[in-house]
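Asks: Chains as they are written, first to last, in full-length UniProt numbering: chain A, 1 to 258; chain B, 1 to 293; chain C, 1 to 226.
Think of the hints as simulated: they come from the structure by calculation, not from any bench.
Treat the hints with caution; some may be incorrect.
Stated by the list, open to error - With a straight-line cut-off of 20 Å between C-alpha atoms, the simulated SDA-like cross-links for lysine to any residue are:
#1 B:140 with A:244
#2 B:153 with A:254
#3 B:173 with B:161
#4 B:153 with A:104
#5 B:140 with A:177
#6 A:77 with B:144
#7 B:153 with A:77
Listed here are the chains, written in short residue letters.
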Amino acid sequence: MSPQPLLQVRDITRFYGTRIGCRDVSFDLYPGEVMGIVGESGSGKSTLLGCLAGQLAPDAGEVLFDTRTDGPRDTLKMSEPERRMLSRTDWAFVHQHARDGLRMGVSAGGNVGERLMAVGARHYGDIRDQAVDWLGRVEIPADRVDDRPTAFSGGMQQRLQIARNLVTGPRLVFMDEPTGGLDVSVQARLLDLLRGLVREMGLSAIIVTHDLAVVRLLADRLMVMKDGHVVETGLTDQVLDDPQHGYTQLLVSSVLQV
Amino acid sequence: MTEYNFAYLDEQTKRMIRRAILKGLAVPGYQVPFASREMPMPYGWGTGGVQVSAATLVPEDRFKVIDQGADDTTNAVSIRKFFERTAGVETTEHTAEASVIQTRHRIPETPLSEDQILVYQVPIPEPLRFLEPRETETRKMHSLEEYGLMHVKLYEDISQHGAIATSYAYPVKVEGRYVMDPSPIPKFDNPKLSDCPAIQLFGAGREQRIYALPPYTRVVSLDFEDYPFEASKADHACDLCGAGDSYLDEVITDDQGGRIFVCSDTDYCRGRREAGHVGTQAQDAPMMTEARA
Amino acid sequence: MIEIETVSKQFTLHNQGGAVIPVMEGASLSVAPGECVALTGSSGAGKSTLMRMIYGNYLAASGRIMVGGVDVARAEPREILALRRETLGYVSQFLRVVPRVPTIDVVAEPLLALGRPREEAMDRARDLLARLNIPERLWSLSPTTFSGGEQQRVNIARGFAHAYPALLLDEPTASLDAANRETVLCLIEEAKARGAAIVGIFHDVEARARVCDREIDVSVFTPKAA
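Next comes chain A alone, as it looks inside the complex (with noise of 0.2 Å):
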């Protein structure tokens, strides 16, 4: 077991005005470890998560990255190009729409090489070579390579997405609804794909969604939102099968059966 937590959150606060975004925030996250973070709309989840990485500055609070360089550091206090460093290797983003994520008028290729090119890859074979590699983990066929990604399906979409942000082999993916808005079964191969990757790279991940069978298959911890705070955390399986909470009790109990 890591004696050293790979992210440590402290009390990380966010308004909207004088709406709070979300309050307090405190956990640590372990290499390896896969946390959910759940609520409904409006919970603070996503602004937990821009928070978190980088993308929206919170209004108090420390997020302490485990850099690979110099120990753990305040990504809140890094100058800009330090973290944007840091979110091109170390960190990656995985958007709900691939289309955020992705450049739709540059090939599948070119969007798995551009992180690798963007620190400092300058052989063409070499990156497109990886990059096949890559659209294979992600069961795209390597003839698609030249493919833009309009020419792809919804779930394909989202896979290329997941290649271009793990080719550079980050330490935290951040994923916000990675299966929002799939069909079922796409999701189901999605969800499979994702539990893999997070094993074979050692992966940690920070997943934001409103989907519970979502976090029960791929979180090992989970936190639920209400209002901006956290109101419960704990084991994945324990949350949800013994919440403690009555908002978390509520959730739960609100999943249709199928």
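Based on the hints, put chains B and C in the right spot on chain A.
Replies: Frame of chain A; chains B and C shown alone:
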């Protein structure tokens, strides 16, 4: 009002533009915003270049204008006449005699010297534009040197065409720092950008940007290790002057698909012919340059 | 191996007027390596609840639940996950899997999660599936479409893939035919022989008599109705 202010623009405007030029020279390859003025010609006809020329010209200058290498196109003639009228400077068609050369989409074949200034007309100054449409984002990418995207464009070229198919406006890196659009010059001209003794100024009127290369700036064309940059031209010699080292235009001569290749740089071609060089077609069509569209 | 001391449990139903339902009080038991203990008591007495608390699936209100040196009642999620990965196996009554994952991978997963070589994990999975009479043509299919008995056997195969030092078995022989029941009982005996501490719920009286060393009636832990 009987007379224009020297070189059309008022002195305050010229000072503003000169400050932008100096800043551009101080930070080679960096796009300096400037308050582009309305000029008595439409955007796309060189309003940026004209403003830079106006701010650069002094009464002693000798001015030359080329449009895709030629001194005799409408655009070139109009701008030349414009400054003859508004600045009263002498003009010339000879590259070597000019002190300021305004150009659209070419660098003259005749090597430039330290006492010359080359002014480029630039339609789109932002090399990252077509990949990242947000100006806020491209500025950030420049300031943080995040240029991976530029290579994505070249990657796309190779994956689609088997080679880097970008043949003009080929992106370059200036002094190892800023990625710059050299304006739509053919990539054949790219090597001439680097280590050039003349000052090179770039003006984009509609986009309100000026950038510059001071003399002897190192300018490198972007490429991949396994797909290195190549300056290319039609594999032919000029049919008029026989030059094998100049950039060529292909000219269709009849309805049967007949064609000849001629120097794009008309001054260079004429100079060679006057010096007695002869191409394959020279006897039949001595005045071919005048016949071009 | 498994030490439970004065564990209590109650459910608070916030959405039903905050009703508090105490279900267990003062539960204590201890299971040594190589020992199999059966939980008995009538339906609703709290057998499954206790078992789920040992697994960390239900949160104990008080007391200590020590498994392999970890107090499940108080441990961090990652500690419980590590415990489940390495030490504590659980064969539940229901198979819960990612849809579309082949049966063979479902069974091999506990070993893969431990970082064992893929070939070794697959060999072990094939061996178990064969012993439990799952036809080989089904191995590459997802178990979600299998019959109840087949799913249960896949679940058992998965639970026995790794040689856990501690095992929780919830009705492992239910809905099995005689031959498969025999195989499962053999698996349990083998696990005991290698020193696994086992807590089980067996409605199958004969099976219980054959593999269990002791019985604990959980009704004694049921809080007296106030």
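Asks: Does each hint hold? Answer for all of them.
Replies: Hints, one by one, checked against the model:
1. B:140 with A:244: violated (47 Å)
2. B:153 with A:254: Between residue 153 of chain B and residue 254 of chain A the Cα gap is close to 49 Å, so the pair fails against 20 Å, i.e. violated.
3. B:173 with B:161: Since the Cα atoms of residue 173 of chain B and residue 161 of chain B sit roughly 23 Å apart, the hinted pair is violated (cutoff 20 Å).
4. B:153 with A:104: holds (13 Å)
5. B:140 with A:177: Between residue 140 of chain B and residue 177 of chain A the Cα gap is close to 28 Å, so the pair fails against 20 Å, i.e. violated.
6. A:77 with B:144: Since the Cα atoms of residue 77 of chain A and residue 144 of chain B sit roughly 17 Å apart, the hinted pair holds (cutoff 20 Å).
7. B:153 with A:77: The given pair, whose Cα atoms are some 33 Å apart, is violated under the 20 Å limit.
Of the numbered hints listed earlier, those contradicted by the structure are 1, 2, 3, 5, 7.
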